[in-house]
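K.L.:
Residues per chain are reported as follows:
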Amino acid sequence: AQSVDQPDAHVTLSEGASLELRCSYSYSAAPYLFWYVQYPGQSLQFLLKYITGDTVVKGTKGFEAEFRKSNSSFNLKKSPAHWSDSAKYFCALESGGSNYKLTFGKGTLLTVTP
Amino acid sequence: AQTIHQWPVAEIKAVGSPLSLGCTIKGKSSPNLYWYWQATGGTLQQLFYSITVGQVESVVQLNLSASRPKDDQFILSTEKLLLSHSGFYLCAWSPLTGGYEQYFGPGTRLTVL
Numbered sequence: 001a002q003s004v005d006q007p008d009a010h011v012t013l014s015e016g017a018s019l020e021l022r023c024s025y026s027y028s029a030a031p032y033l034f035w036y037v038q039y040p041g042q043s044l045q046f047l048l049k050y051i052t053g054d055t056v057v058k059g060t061k062g063f064e065a066e067f068r069k070s071n072s073s074f075n076l077k078k079s080p081a082h083w084s085d086s087a088k089y090f091c092a093l094e095s096g097g098s099n100y101k102l103t104f105g106k107g108t109l110l111t112v113t114p
Numbered sequence: 001a002q003t004i005h006q007w008p009v010a011e012i013k014a015v016g017s018p019l020s021l022g023c024t025i026k027g028k029s030s031p032n033l034y035w036y037w038q039a040t041g042g043t044l045q046q047l048f049y050s051i052t053v054g055q056v057e058s059v060v061q062l063n064l065s066a067s068r069p070k071d072d073q074f075i076l077s078t079e080k081l082l083l084s085h086s087g088f089y090l091c092a093w094s095p096l097t098g099g100y101e102q103y104f105g106p107g108t109r110l111t112v113l
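Those protein sequences? They're chains Y and D, same order as listed.
Throughout the first sequence, residue numbering follows this note's numbering, covering 1 to 114 in sequence.
Throughout the second sequence, residue numbering follows this note's numbering, covering 1 to 113 in sequence.
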């Protein structure tokens with residue numbers, strides 16, 4: 001079985017600070033990992049993904065994430081944070097092969113104060 | 001460019017009444033299609049996926065069904081709504097699986113009273 005854990009339900013920081021949102025996963029094979037963002041009242045937008053290769057991947061809106069196989073993590077980072085980054089962020093894992101399942105974490109609500 | 005539409009935007013329905021939600025993708029042939037449910041403030045639960053017309057696979061049982069009558073259309077339905085069906089329903093598409101990101105529609109907000 002696969003699972004995704006986002007241990008921080010809520011993160012608050014000041015504009016200009018560095019942000020790091022944590023994500024860990026459990027999966028027996030090589031994972032495909034994604035980050036999505038959801039602004040209040042809106043749908044989800046894709047930010048970035050890790051498939052293979054470089055362990056640091058860059059995405060939209062100035063975000064990047066680092067894949068660490070050693071501790072099964074895929075943390076999202078951005079520096080500096082802007083108030084417009086305030087949103088809910090979801091980490092997701094796709095199991096490969098014929099299983100088309102995408103498993104989401106519970107999400108982290110990020111609040112960036114001006 | 002591909003566009004994804006969902007209808008209706010919002011619904012208020014009574015317990016026990018039927019429901020039909022729709023999703024259409026334009027600008028992409030033979031997409032993989034997905035339905036998700038999100039409780040208010042919660043995570044996303046994948047409900048169904050479809051890789052071709054007429055074929056739909058269930059991921060989780062929530063007394064809902066799905067159909068893909070056309071290449072670009074995905075329908076979510078039930079004959080009897082439960083209170084627990086309230087939430088935000090999202091349709092998504094991807095060109096393939098195996099590391100391809102999914103693109104989400106604007107969603108339908110459902111309130112069951």
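For the record, the hints were derived by calculation from the structure and aren't laboratory data.
This structure is a prediction, so every number in the text was calculated from the model and none was measured.
Among these hints, one or two may not hold up.
[Said to hold, decoys possible] As a list, the in silico DSBU-like pairs of lysine-lysine whose alpha-carbon atoms are at most 30 Å apart:
#	chain 1	residue 1	chain 2	residue 2
1	D	Lys13	D	Lys70
2	Y	Lys106	D	Lys13
3	D	Lys70	D	Lys80
4	D	Lys70	Y	Lys58
5	Y	Lys77	Y	Lys58
6	Y	Lys77	Y	Lys101
7	Y	Lys61	Y	Lys77
8	Y	Lys101	D	Lys26
9	Y	Lys49	Y	Lys69
10	Y	Lys106	Y	Lys58
11	Y	Lys61	D	Lys80
12	Y	Lys49	Y	Lys77
13	Y	Lys106	Y	Lys77
14	Y	Lys101	Y	Lys49
15	D	Lys28	D	Lys70
16	Y	Lys58	Y	Lys69
17	Y	Lys101	Y	Lys58
18	D	Lys70	Y	Lys101
19	Y	Lys61	Y	Lys101
20	D	Lys13	Y	Lys49
21	D	Lys80	D	Lys13
22	D	Lys70	Y	Lys61
23	Y	Lys106	Y	Lys61
24	D	Lys70	D	Lys26
25	Y	Lys69	Y	Lys101
26	D	Lys28	Y	Lys49
27	D	Lys13	Y	Lys61
28	D	Lys80	Y	Lys101
29	D	Lys28	Y	Lys101
30	Y	Lys69	Y	Lys106
31	Y	Lys49	Y	Lys61
32	Y	Lys58	D	Lys26
33	Y	Lys49	Y	Lys106
34	D	Lys26	D	Lys13
K.L.:
Against each hint, give a clear statement of whether it holds in the structure.
P.N.:
Outcome of the hint check:
1. Distance restraint check for D:Lys13 and D:Lys70: the Cα-Cα separation of roughly 26 Å lies within the 30 Å cut-off, and the hinted pair is therefore satisfied.
2. The straight-line distance between the Cα atoms of Y:Lys106 and D:Lys13 is roughly 27 Å, inside the 30 Å bound, and the hint therefore holds.
3. Simply put, D:Lys70 and D:Lys80 have alpha-carbon atoms about 24 Å apart, close enough for the 30 Å limit, and the pair holds.
4. Between D:Lys70 and Y:Lys58, the direct Cα distance comes to roughly 36 Å. Violation of the 30 Å bound is thereby established for this hinted pair.
5. With a C-alpha separation of about 10 Å, the suggested pairing of Y:Lys77 with Y:Lys58 holds against the 30 Å cut-off.
6. For the hint pairing Y:Lys77 with Y:Lys101, the CA-to-CA distance comes to about 25 Å; that is within 30 Å, so the pair holds.
7. In summary, the hint linking Y:Lys61 to Y:Lys77 is supported, as the alpha carbons are separated by about 11 Å, within the 30 Å threshold.
8. Proximity of Y:Lys101 to D:Lys26 is assessed by CA-CA distance (about 23 Å); at most 30 Å being required, the pair is judged to hold.
9. A hinted pair counts as satisfied when its Cα atoms are at most 30 Å apart, and Y:Lys49 with Y:Lys69 qualifies at roughly 15 Å.
10. With a CA separation close to 22 Å, the supplied pair Y:Lys106 and Y:Lys58 stays within the 30 Å bound.
11. Annotation: proposed proximity of Y:Lys61 to D:Lys80 is violated, straight-line Cα distance about 42 Å (limit 30 Å).
12. Straight-line distance between C-alpha atoms of Y:Lys49 and Y:Lys77 comes to about 13 Å, which keeps the hinted pair within the 30 Å bound.
13. Annotation: proposed proximity of Y:Lys106 to Y:Lys77 holds, straight-line Cα distance about 18 Å (limit 30 Å).
14. Of the pairs offered as hints, the one joining Y:Lys101 and Y:Lys49 holds, with about 16 Å between alpha carbons and a cut-off of 30 Å not exceeded.
15. Note on D:Lys28 and D:Lys70: the hinted pairing holds, with a Cα-Cα distance of about 13 Å set against a maximum of 30 Å.
16. This hinted pair checks out: Y:Lys58 and Y:Lys69 have alpha carbons roughly 18 Å apart, not beyond 30 Å.
17. Between Y:Lys101 and Y:Lys58 the alpha-carbon distance is near 24 Å, which keeps this suggested pair within the 30 Å criterion.
18. Taking the CA atoms of D:Lys70 and Y:Lys101, the gap is about 22 Å. The hint holds against a cut of 30 Å.
19. Pair hint Y:Lys61 plus Y:Lys101 holds up; C-alpha atoms about 26 Å apart against a cutoff of 30 Å.
20. About 37 Å separates the Cα atoms of D:Lys13 and Y:Lys49, which puts this hinted pair outside 30 Å; it is violated.
21. Restraint check for D:Lys80 and D:Lys13: satisfied, since their Cα atoms lie roughly 10 Å apart, inside the 30 Å limit.
22. Distance check on the hinted pair: D:Lys70 and Y:Lys61 sit about 35 Å apart at the alpha-carbon level, beyond 30 Å; violated.
23. Only pairs whose Cα atoms come within 30 Å are accepted, and Y:Lys106 paired with Y:Lys61 is accepted, the gap being roughly 22 Å.
24. Taking the CA atoms of D:Lys70 and D:Lys26, the gap is about 12 Å. The hint holds against a cut of 30 Å.
25. Taking the CA atoms of Y:Lys69 and Y:Lys101, the gap is about 21 Å. The hint holds against a cut of 30 Å.
26. Only pairs whose Cα atoms come within 30 Å are accepted, and D:Lys28 paired with Y:Lys49 is accepted, the gap being roughly 21 Å.
27. Distance check on the hinted pair: D:Lys13 and Y:Lys61 sit about 38 Å apart at the alpha-carbon level, beyond 30 Å; violated.
28. Of the supplied pair hints, the one linking D:Lys80 and Y:Lys101 holds, its CA atoms being roughly 26 Å apart against a limit of 30 Å.
29. Between D:Lys28 and Y:Lys101, the direct Cα distance comes to roughly 21 Å. Compliance with the 30 Å bound is thereby established for this hinted pair.
30. For a cut-off of 30 Å, the pair hint linking Y:Lys69 to Y:Lys106 stands: about 21 Å separates their Cα positions.
31. This hinted pair checks out: Y:Lys49 and Y:Lys61 have alpha carbons roughly 14 Å apart, not beyond 30 Å.
32. Of the pairs offered as hints, the one joining Y:Lys58 and D:Lys26 holds, with about 28 Å between alpha carbons and a cut-off of 30 Å not exceeded.
33. This hinted pair checks out: Y:Lys49 and Y:Lys106 have alpha carbons roughly 18 Å apart, not beyond 30 Å.
34. Restraint check for D:Lys26 and D:Lys13: the C-alpha separation of about 28 Å stays at or below 30 Å, so the hint holds.
Checked against the numbered hints above, the structure violates hints 4, 11, 20, 22, 27; every other hint is satisfied.
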